[in-house]
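*Asks:* Chains as they are written, first to last, in the numbering used here: chain A, 1 to 593; chain B, 594 to 940.
Keep in mind that the hints were calculated from the coordinates and are not lab data. Since this is a predicted model, take the numbers as computed values, not measurements. Hints are not guaranteed to be accurate.
[To be verified] In silico SDA-like pairs for lysine to any residue, Cα to Cα no more than 25 Å straight-line:
{"no.": "1", "chain 1": "B", "residue 1": "Lys709", "chain 2": "A", "residue 2": "Gly497"}
{"no.": "2", "chain 1": "B", "residue 1": "Lys709", "chain 2": "A", "residue 2": "Pro358"}
{"no.": "3", "chain 1": "B", "residue 1": "Lys866", "chain 2": "B", "residue 2": "Ala805"}
{"no.": "4", "chain 1": "A", "residue 1": "Lys474", "chain 2": "B", "residue 2": "His685"}
{"no.": "5", "chain 1": "A", "residue 1": "Lys474", "chain 2": "B", "residue 2": "Leu909"}
{"no.": "6", "chain 1": "B", "residue 1": "Lys709", "chain 2": "A", "residue 2": "Phe498"}
{"no.": "7", "chain 1": "B", "residue 1": "Lys709", "chain 2": "A", "residue 2": "Ala47"}
{"no.": "8", "chain 1": "B", "residue 1": "Lys709", "chain 2": "A", "residue 2": "Pro508"}
{"no.": "9", "chain 1": "B", "residue 1": "Lys709", "chain 2": "A", "residue 2": "Trp499"}
[To be verified] Part of the chain A face toward chain B, derived, beta carbon under 8 Å:
{"no.": "10", "residue": "Asp484"}
{"no.": "11", "residue": "Leu487"}
{"no.": "12", "residue": "Gly495"}
{"no.": "13", "residue": "Arg500"}
[Unchecked claim] Some chain B residues flagged as far from chain A (calculated, every beta-carbon gap over 12 Å):
{"no.": "14", "residue": "Pro695"}
{"no.": "15", "residue": "Arg703"}
{"no.": "16", "residue": "Glu724"}
{"no.": "17", "residue": "Cys893"}
Idealized CB from N, CA, C, for every residue including glycine.
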Amino acid sequence: MKLQTRPALPKCSVADKPMSDDLRAAPARWLGLRRFAGEPLLLAIVALAAVALFVVPLGAVGRLALFSTGGGVDAFWAAISSRSVQRALWNSLESAALAAALAVLLGGGLGLLIGLTDLRGRVALSFAILMLLMIPPHVTAIAWMQMLGPSSVLLHALGAAPPPGTTNPLYSREGVIALLALQQVPIVYLTLRAALRAFPRDLAEAARVNGAGPWLLMRRVILPVMGPAFLAGYALAFVSALGNFGVPALLGIPGRYVTLPVLMWQRLASSGPSVLADLAVLATLIATVALVAVWAQMRLSRTWSVALIGPAQQPLRLGLGRARPFVEAGLWALLALLVLSPMLAMLATALVPTYGVPLGPDTVTLRHFHEVIFTQAVTARAFANSAGLALAAGVGVAGLALAIGALLRGPLGTGMRGVTMLAEIAYAVPGLVISIAFIIAFIKPLPGLGISLYGTHAIILGAYLSAFLAVGLKPVGVAFAALDPALQEAARVSGAGFWRRLRRIDMPLIAPAAASGAVLVMLTAWNEVTLSSILWTRGTETLGTVIFNYENGGYSTLASAMSIISVLATLALMLLLHRLGRNLPPGLIPWRG
Amino acid sequence: MSITLSNISRRYGASRAVDGLSATIPTGCFFTVLGPSGCGKSTLLRMIAGLEPLDEGSIALQGRMVAGPGLHLPPEARGVGVVFQSYALWPHMDVLGNVAFPIEAAGASRAAARAKAARHLQSVDLEGFAERRPADLSGGQRQRVALARCLAAQARIVLMDEPLANLDPHLRAAMEEEMTAFHARAGATTLFITHDQREAMALSDLVAVMRAGRFEQIASPQELHDSPANAFVAGFIGRGVVLDAEVTATASGRATLRLSNDLHIEARAGNAKLGPAQVLLRPGDLRLDPSGVSGRVLACAYRGDHWEAHVQADRLAKPLILKVPQRALPRETLRLAVSGGWVLAQD
């Protein structure tokens with residue numbers, strides 16, 4: 001191709017005079033050390049955190065299970081051939097598979113009903129459904145035990161209470177599965193709602209125009225397109241139920257239905273750290289099951305999924321007609337039964353002087369609340385520890401997520417994708433695996449410092465950061481992806497360096513998402529028991545462990561009082577999140593949008 | 594400042610977005626890169642700004658190398674201004690904060706930067722909008738804030754990535770005038786990216802027509818229209834039809850050709866040689882003539898101040914496009930004569 005560069009117009013042919021005073025920055029500055037003070041410095045910090053939070057602990061479990069003396073194939077074979085491990089593994093698989101199936105039925109039904117019809121009060125309904133997830137498993141277990149046990153106020157009022165002295169019907173395989181299922185309902189519900197939000201409305205309208213009634217539309221268009229979402233919901237519910245500790249520990253131990261996480265906890269509680277090699281084998285086993293489930297889901301949904309063409313639109317709103325008030329009333333009644341009544345049963349237990357005494361105007365007392373707040377040192381310490389740890393975990397995760405999000409976009413993004421994958425893995429494996437990993441990695445004194453992290457708050461905080469980073473990473477990742485890259489580029493061409501861009505452009509724009517991620521992490525950390533059940537020592541008790549130990553030790557009234565306080569704090573955090581969500585894109589706050 | 598591009602390339606996998614491109618854009622020039630979507634024009638802009646690395650070649654601004662083998666000066670050190678297609682105004686800052694940011698990035702305190710930026714806001718007639726958020730402005734106002742931000746950066750090179758594409762058609766004409774005024778006031782070398790030939794023609798000192806990562810021709814708008822370098826440029830700019838012909842005689846700047854219907858015509862030419870050639874016939878090269886060749890009207894459309902007829906003459910490969918004073922009906926027969934043309938460069 002021959003270029004025809006003609007003599008240009010006079011204005012363009014002005015002789016180029018050197019204008020060195022225009023050069024705002026000399027290249028030398030970019031060739032010196034300053035170059036490493038921007039992105040590479042932050043990358044080094046994040047990489048260091050990733051090594052400490054993921055690589056060292058998970059690597060330590062793997063090394064102990066696979067390569068230590070007494071580890072390897074023989075150890076796995078020995079573990080598998082033990083009767084108790086076989087039974088626990090089977091119980092884990094059975095309970096998780098059945099609970100996830102029940103959760104898909106209930107959560108999927110709720111998701112379709114609320115996501116596709118013209119029901120009123122969708123946000124409030126979602127909020128109530130999310131309570132099932134936000135109330136921690138051990139508290140849920142305690143509440144249902146109070147509601148269905150021999151001294152249940154509710155059952156007494158109905159005249160259907162089991163006679164005193166009989167075993168609680170929840171202390172059984174069915175009880176464990178039912179409560180596990182209840183906890184996973186919101187997970188399936190959220191997955192489905194998110195998928196329905198991405199469902200183009202005109203697909204449904206095209207079916208209607210072509211003569212399909214609501215049922216044909218559901219059967220031939222919506223359900224097939226939602227297939228991968230149901231599958232994803234099932235896999236998430238399965239993995240979450242598999243790692244659950246609170247429900248099988250409180251219901252399964254008395255019911256002689258021991259799952260693998262409970263077996264691991266029992267072994268550590270009875271024998272101490274001498275069984276760590278043994279536990280590493282079991283941890284690797286259950287982590288493998290969880291990761292295989294996630295992997296299979298990803299594979300399957302890739303073959304199943306149909307690419308949706310077109311942008312998300314206003315969601316479909318099928319009219320329920322005259323049935324609407326009845327459906328609404330039915331839904332609220334169901335949620336009152338599933339969420340509110342167990343809480344009221346637990347409140348009733350917290351208000352009576354001793355367990356078993358019926359609640360009445362002459363028996364009601366606030367003694368237990370007084371005791372857990374003012375009298376007992378251990379409960380006060382637990383409240384303080386959990387609040388501090390939750391706050392630190394929330395802030396830490398938000399900071400890390402912000403750094404990872406900012407780096408993901410830059411030239412160093414490939415390395416960061418590795419970190420996000422590690423975070424996803426740490427989130428997917430059962431919590432007990434993470435806590436065992438942290439014990440194995442950090443029980444020995446840190447090299448060079450000579451102090452061990454075991455028994456300090458730091459080890460619990462580390463486990464929180466490791467297990468919950470994915471929780472905070474998600475909203476921040478979504479917010480970064482929604483950001484016009486030109487905003488960042490405009491700052492670059494305006495002469496702003498990496499840290500100035502981070503401080504003045506990224507941080508203000510991502511702050512709402514990072515804050516909601518932080519609150520989600522705080523909620524999770526405030527409510528967890530799985531991680532700290534193994535990591536706590538005297539002085540580092542958490543809310544979850546103290547409630548759990550009180551209930552296990554027979555102090556149901558104190559456990560109930562603490563649970564009530566913790567649920568109120570959870571509600572307060574959720575309302576805070578609700579307010580934060582006003583300035584956020586839809587979908588970031590689970591129950592909004 | 595001048596921009597010198599030496600043999601620059603950018604690959605995405607196997608495809609080349611920018612393919613061995615060289616050009617010099619003189620100081621103070623309003624230089625437009627015109628091309629269909631996907632031709633690599635935005636990639637070219639991003640390479641000059643430093644937002645995209647080079648795979649080959651080098652870029653120098655006012656003789657200072659900013660990108661080349663082993664060298665990639667980051668955008669923040671290049672001192673070029675960019676007006677983005679989306680304007681990229683920071684939604685969390687007010688209008689004045691947006692304009693003040695480059696001054697702040699150069700080291701001024703926030704308060705001092707805001708004080709200095711007020712002057713630039715004034716020069717785009719937005720001094721009353723300093724405290725507004727970008728979301729509260731109209732499209733044209735956002736555009737002007739983006740221009741003010743470039744002024745505040747004191748950039749001697751301004752790159753504009755289809756800045757008028759997001760405006761309502763009736764606003765565009767007004768903004769085109771503002772662009773010209775902005776360029777005259779700032780005196781900065783301006784590289785303007787567009788796919789709209791009307792915009793390119795109206796604004797530019799020089800236009801580069803780009804296709805598949807290469808410049809097909811760099812010329813002034815009028816030259817581009819009257820003397821396109823090849824069939825692609827001829828088809829991309831203006832109206833007209835390119836026909837195969839045979840050059841039968843040449844003179845300086847002119848040639849005589851025989852069309853496929855044995856009609857002999859006189860056309861302008863660069864340096865034509867005898868033999869097969871292609872000739873471009875614009876509507877202005879054709880007129881109605883009762884003694885001319887006859888052709889059948891295929892279609893006729895109103896173009897504002899005239900009617901444009903597509904006429905198929907016997908033994909010509911393609912229908913001709915000409916202006917007619919009133920509507921011609923399909924299948925009607927017209928007689929027309931060729932009064933000029935442009936011989937495209939032969940291989």
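*Asks:* If a hint holds in the structure, say so; if it does not, say that too.
*Replies:* Checked hints:
1. Distance restraint check for B/Lys709 and A/Gly497: the Cα-Cα separation of roughly 21 Å lies within the 25 Å cut-off, and the hinted pair is therefore satisfied.
2. At roughly 76 Å between alpha-carbon atoms, B/Lys709 and A/Pro358 are farther apart than 25 Å, so this suggested pair is violated.
3. For a cut-off of 25 Å, the pair hint linking B/Lys866 to B/Ala805 is broken: about 29 Å separates their Cα positions.
4. For the given pair, A/Lys474 sits about 22 Å from B/His685 by alpha-carbon distance, which is consistent with the 25 Å threshold.
5. Proximity of A/Lys474 to B/Leu909 is assessed by CA-CA distance (about 64 Å); at most 25 Å being required, the pair is judged violated.
6. Among the hinted pairs, B/Lys709 with A/Phe498 is consistent with the structure: their alpha-carbon atoms are about 24 Å apart, no more than 25 Å.
7. Restraint check: the Cα-Cα separation between B/Lys709 and A/Ala47 comes to about 41 Å, which exceeds 25 Å; the hinted pair is violated.
8. As the CA atoms of B/Lys709 and A/Pro508 are separated by approximately 23 Å, the hinted pair is consistent with the 25 Å bound.
9. For the hint linking B/Lys709 to A/Trp499, the alpha-carbon distance of about 23 Å falls within 25 Å, and the restraint holds.
10. Below 8 Å, beta-carbon pairs count as interface contacts, and A/Asp484 has one with chain B at about 6 Å; its hint therefore holds.
11. Because the smallest distance between the Cβ of A/Leu487 and any Cβ of chain B comes to about 5 Å, under 8 Å, the interface hint for this residue holds.
12. The beta carbon of A/Gly495 is positioned within 8 Å of a beta carbon in chain B (closest approach about 4 Å), and the interface hint is therefore held.
13. At a threshold of 8 Å, the smallest CB-CB gap from A/Arg500 to chain B is about 6 Å, leaving the interface hint in force.
14. At the 12 Å boundary, the C-beta of B/Pro695 falls inside the reach of chain A, the nearest C-beta of that chain being 4 Å off.
15. Distance check on B/Arg703: its Cβ comes as close as 10 Å (rounded) to a Cβ of chain A, failing to clear the 12 Å threshold; non-interface status is violated.
16. For B/Glu724, the shortest C-beta to C-beta distance to chain A comes to about 17 Å, beyond the 12 Å cut-off, and the non-interface label holds.
17. Its beta-carbon lying about 35 Å from the closest one in chain A, B/Cys893 satisfies the requirement of being farther than 12 Å from that chain.
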